[in-house]
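Colleague: Position chains B, C and L relative to chain G; hints supplied.
There are 4 protein chains.
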Amino acid sequence: MSERPLNIALIGYGGIGRVHAMAYRDIPFTYGLPARLVNLAAVATTRAETAEKAAKEIGCELYTANYHELLECPDIDLIDCCTPNSAHKDIILAAAKAGKHIYCEKPLAMNLLEAQEMLDAVQAAGVKTQMTFNFRFFPAILRAKELIEAGFLGRVFSFRGRYYRSSYIDPEKPLSWRLSKDVSGGGALFDLGSHIIDLLYYLLGPFASVQANLDTLIKERPIKAGSTEKGPVDVDDFALITARLASGTLGHIEISRMGTGVNNECLFEIYGDKGSIRFNAEDPSYLEVYDVRDSGTMRGFKKLETIGRYPGQKAPDGSMPTGFVRTHAECQYQFLKAIWEDRDGSPNFADGLHVQAIMEAAARAAKQGNWTEV
Amino acid sequence: MSERPLNIALIGYGGIGRVHAMAYRDIPFTYGLPARLVNLAAVATTRAETAEKAAKEIGCELYTANYHELLECPDIDLIDCCTPNSAHKDIILAAAKAGKHIYCEKPLAMNLLEAQEMLDAVQAAGVKTQMTFNFRFFPAILRAKELIEAGFLGRVFSFRGRYYRSSYIDPEKPLSWRLSKDVSGGGALFDLGSHIIDLLYYLLGPFASVQANLDTLIKERPIKAGSTEKGPVDVDDFALITARLASGTLGHIEISRMGTGVNNECLFEIYGDKGSIRFNAEDPSYLEVYDVRDSGTMRGFKKLETIGRYPGQKAPDGSMPTGFVRTHAECQYQFLKAIWEDRDGSPNFADGLHVQAIMEAAARAAKQGNWTEV
Amino acid sequence: MSERPLNIALIGYGGIGRVHAMAYRDIPFTYGLPARLVNLAAVATTRAETAEKAAKEIGCELYTANYHELLECPDIDLIDCCTPNSAHKDIILAAAKAGKHIYCEKPLAMNLLEAQEMLDAVQAAGVKTQMTFNFRFFPAILRAKELIEAGFLGRVFSFRGRYYRSSYIDPEKPLSWRLSKDVSGGGALFDLGSHIIDLLYYLLGPFASVQANLDTLIKERPIKAGSTEKGPVDVDDFALITARLASGTLGHIEISRMGTGVNNECLFEIYGDKGSIRFNAEDPSYLEVYDVRDSGTMRGFKKLETIGRYPGQKAPDGSMPTGFVRTHAECQYQFLKAIWEDRDGSPNFADGLHVQAIMEAAARAAKQGNWTEV
Amino acid sequence: MSERPLNIALIGYGGIGRVHAMAYRDIPFTYGLPARLVNLAAVATTRAETAEKAAKEIGCELYTANYHELLECPDIDLIDCCTPNSAHKDIILAAAKAGKHIYCEKPLAMNLLEAQEMLDAVQAAGVKTQMTFNFRFFPAILRAKELIEAGFLGRVFSFRGRYYRSSYIDPEKPLSWRLSKDVSGGGALFDLGSHIIDLLYYLLGPFASVQANLDTLIKERPIKAGSTEKGPVDVDDFALITARLASGTLGHIEISRMGTGVNNECLFEIYGDKGSIRFNAEDPSYLEVYDVRDSGTMRGFKKLETIGRYPGQKAPDGSMPTGFVRTHAECQYQFLKAIWEDRDGSPNFADGLHVQAIMEAAARAAKQGNWTEV
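Chains as they are written, first to last, in the working numbering: chain G, 1 to 374; chain B, 1 to 374; chain C, 1 to 374; chain L, 1 to 374.
Chain G on its own, in the form it takes in the complex (with noise of 0.2 Å):
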């Protein structure tokens, strides 16, 4: 099956939407392909309002409020997910009826039974699915999996993985959906932690059990921005984890929303008995590796120049930074390519769900206090 155009739907046109938007509008210019091939042809959103402007910003002609009309669109390919997290389980249901391929926003799901659902929905009808997971899509990221692959840490000694940010560090910021259980599922595990959870999964493979703590520590909000009526805050903003991997190597996992002063600090860092690997996305560019088969004189971390540098790429000059939106262009053009070449993508709804699961266990060992199965 050859690159033929595919024709996007764009469900959800929040922040993230916009995000998806521009780095579906990249991918041509990045990888020297024609324009046509990456359709960004229609936006969904709740209201024909937002639509329309939606639509206006992407330069597309289709637009709805209600998106079960673009879902009967036999042009449609591929349908794009960017939803709030409640929202997420109608839709694919529905798409996967329809025959769409799907791409989703993490976390995937509500819950682990949602997930479960989904996943097989689409198994059931063959759509190809992709997670946004576009943290995997650093350069750095793809480099340090190669390297594990390739025995570069030996025996995994020890692991830990972050997420912290400042975002709600603001008393005042107001109650939203991402602070609701009913639309969000969860707080900062599912926003934040699905990412970091993903990566160690990615890198290290899946968790086998989890002690884990979550707490809300600022328990209620203006209800709106600038109201002095408050309401209550019900899901967490920092969660500790500790986790054993499948394979048996324990690590440390905290996710916060509450790290003041951290803007964006995803991190982990992987030890093993021939060499250790850590990564910051505060300092993308960058993987540092050590490797224990160094001779003594020569040891020490090594900042590796993974950059801009993905394989194939026409633009920008790969010395040139990475930028967040990148992340989400390299992302959406795996799963363009796996289309494409008849393979579903990676990571799928199959990955989202034990991310799903692992996030299930960690809330379920904050109440039991001890160890959990996955």
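In short, the hints are calculated from the structure, not lab data. A portion of the hints provided could be inaccurate.
Put simply, identical chains are the same to the list, so a pair is met inside one copy or across any two.
Stated by the list, open to error - As a list, the in silico DSS-like pairs of lysine-lysine whose alpha-carbon atoms are at most 30 Å apart: (1) LYS274 to LYS53; (2) LYS314 to LYS224; (3) LYS173 to LYS89; (4) LYS274 to LYS145; (5) LYS367 to LYS230; (6) LYS314 to LYS173; (7) LYS367 to LYS53; (8) LYS219 to LYS230.
Modeller: Chains B, C and L in isolation, oriented as in the chain G frame:
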């Protein structure tokens, strides 16, 4: 004059042309604008074949191997010049004559005489101009400018600027237009030096005089990739400048394509009696500042979180890192805004000319061995 | 009680004994004191031969293989205990009985029971005590303590502590007293953990309960250097702790001798609603602080210049980096000052006992798999 | 000639004199030597009162306000000269005449003429000499020297050196001998410049010629602390040098006492066709190296773990950070070893003279505005 659709013709479609194209496409999403306002309508290269391929990537109808056709086209509002340096003058004189606004990659010209001719032409024609000094448009640099204008530094003691890359350390990297004085006008000094010189000029004002040394560390290279035949490199790959600003302040500037191990170290440090400022494009999300007005026990360099925080930006979230393309989009957007608001761009061709004058003085100083007026 | 010469007897002269000796010698120069005030007068080891050699290095007259002789010596004011952990109890009980003040390397004891017995003994004897928790005496830590006491952090959201080294990653490193539970009482948790646990306790107050996991990643080692015969390692080399402080704050602590590539990463980060503080012994000259009270555009982590700035220091210049020995000299000097001013030392044996209680709770928690009271 | 006790007389006991004294005391512990081998036996200052106080700190019997008395003392083997620069010549000529070995703080002399006279005198007398260029004795620098001698860099493309401090940014800091040409011979160039120039000379060989600019940014200061009366500063506080080495390599050197916010940034970077090396005394435990011989995907700057790893060091553990005093102890120890082994010290007075020649050429170049031979 309100926002109206602007039709842009891109002239030149090498690596940097692609980056410009990508950046235009990002603007509507970045600022929530209708896509039609930023219409990349046409592309010209030197051969019909490459022009057609470029048009396909861009998704535009109009393409040509003769850019004059585009100048004759009344719908085109704006020319974006991404050609090698030796082609700038003819294009810009013709575009000015045709009444087109002009956005031009750095450096403006092959030499100061050409630059003056171009400035005269655009001023005579009354068209608006802007230089692609995209480094000015990192949020950290915009913040530095604000701080300096607010008196943060106090009296400036000294400064240092550098642009080091390792792009030419491989002696087997073949000859190209960038290594030929006839096409480039200069080497590292022109290509990299123009960026760091512009940043210092932007932040600290005009230069008065310079001492300089230019070197060509690798003096011949294969005439093409893999060839055993070699030809001469007749431009510098390494330049050292000592500059005295019009304000009297002294500083060092270092420029190299031969900075083994250095990817993209465009940096400066400015020391004043009230404070200091440091920036490094290797870590562009932050501006380091030191404030003498802090009490003694609270002093230290602070990494201001400038990250992706552009005023008015809709996406992505301002805490996400700014990539290289984003700085181009911002530079372009500011020019579009200038056109909409009927102002000249900034930095404009007069700024491009001052940078050219500094580079020309440096080349003279390198020959003479002593202080040379700009 | 004014400054009078203090005669010190050092018991134990391995690597850390040497460091203590060096540090005592530095004190007069550091603070401009007469050398005779800090008189390292005697040394005891387990063998006459090593004791004599130690005395020659120190330049003292008195040496012995029977430390009781020194306790009987009325001129000795102060015992400094640098032996392996299993020897602490007898020495300290005897020294207390002899009315000597006691300076003791960490950890205080083999277990909590011993620690309590030692604390009871010194309190009954009315002698002054201090623990060698030398990390407290980096200027950055002293500054952190001041800031926290002044309310810099506000309400504490979370913390993290770590002490990672790579000191035991070589599987050919032979068995030693530090790898034997009978002599050390514990492994990485005791040796490294005591430092980071003490720092967190010092800055954030007592611990309430812990979850923990201990691992022995390399389970057997050569019985001596170069030997092919192997014996078991019966202490941990890797420990993960989740701690809840008495204040309610949650945090993670990681401790490892198997942190491949990591030299001496004793670090912590504390996040509060008004500010954050970060310290890393790999860069001990600075304390990173973030102040939420800064205006939005002036926020960022600041590296406070604490460097070698001890109050009252005569040499070296406070802008020169603080080495490891200097922290020991400061810890010792503060004990000497306490004796001169007739106060107990700080951190004293009661502090040593709390650290012991936390470590013991962690060991229990590791066995039980759930939250364990300190 | 085997190790025999060496009796040292210290002349001058200001801040740096204290550091020298402390460092001598550390040597036995550092290398497991008998204390009597390094006998700091006498001290001379300019007043009997300060000399007596110094002797008490040191714990030595002999002190005087007339250093000639010490030169007459046959037991004194070695003179350590820690006075202001203007006093060096008389002391050194007298010490040479008295047949004493000489250890001298940098810079050697007030000018090149004096330096030559001193070198002639010590050579005529056949005494051994060493300069206190203590920065050479960071383990990272010793490692850099080894790497360079082993050809790590290949052909050297360029270098940069800097020594920036902020020690004089406060305009109320009063006049002192360091700000008076009559006593110091020069300002930042002499005080700080001598260190970084020596490092570059040590690693890259002799200098051939220089361009330079010297500035006095604060031209008058209070005549004493708190005074409203001001007097002139007649030495530089800021110096920029462009240097061409005898090998032909070009580089920049920056020196300032007015580097607002900078504590102790003594750094260099050297770029070669086979590798690069970077060092910064703000992070002295590591040497950054880049090896072009690494395969393309494994390239990057590596932080070699040099830390406190001196060959033969007994304490402290080599993974503990090296403080400023330790570099002095190492520099002294190497001189003591040279005496024991009947070799001249290194760096010796001939090295001190070359550094003096470079500084004198820089001062001339600053007046002339063009290239000046060393």
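Colleague: Each of the hints needs a verdict: does it hold here or not?
Modeller: Quick rundown of the hints versus the structure:
Proximity of LYS274 to LYS53 under the C-alpha cut-off of 30 Å is found in neither arrangement, the shortest distances being 54 Å within a copy and 40 Å between copies. Taking the closest pair of Cα atoms, LYS314 and LYS224 come within 30 Å of each other only across two copies (20 Å); inside a single copy the shortest separation is 45 Å, beyond that limit. Taking the closest pair of Cα atoms, LYS173 and LYS89 come within 30 Å of each other only inside a single copy of the chain (28 Å); across copies the shortest separation is 53 Å, beyond that limit. Taking the shortest Cα distances, LYS274 and LYS145 sit within 30 Å of each other both inside one copy (15 Å) and across copies (28 Å).
With identical chains, the CA atoms of LYS367 and LYS230 are at most 30 Å apart within one copy only, with a shortest distance of 26 Å there and 44 Å across copies. For a Cα distance limit of 30 Å, the shortest separation of LYS314 from LYS173 across copies, 18 Å, qualifies, whereas the shortest one inside one copy, 42 Å, does not. In this assembly of identical chains, the alpha carbons of LYS367 and LYS53 never lie at most 30 Å apart, being 44 Å within a copy and 59 Å across copies at closest. Within a single copy, LYS219 and LYS230 get their C-alpha atoms as close as 10 Å, which meets the 30 Å cut-off; across copies the closest is 55 Å, which misses it.
In this structure, the earlier hints numbered 1 and 7 are contradicted, and the remaining ones agree with it.
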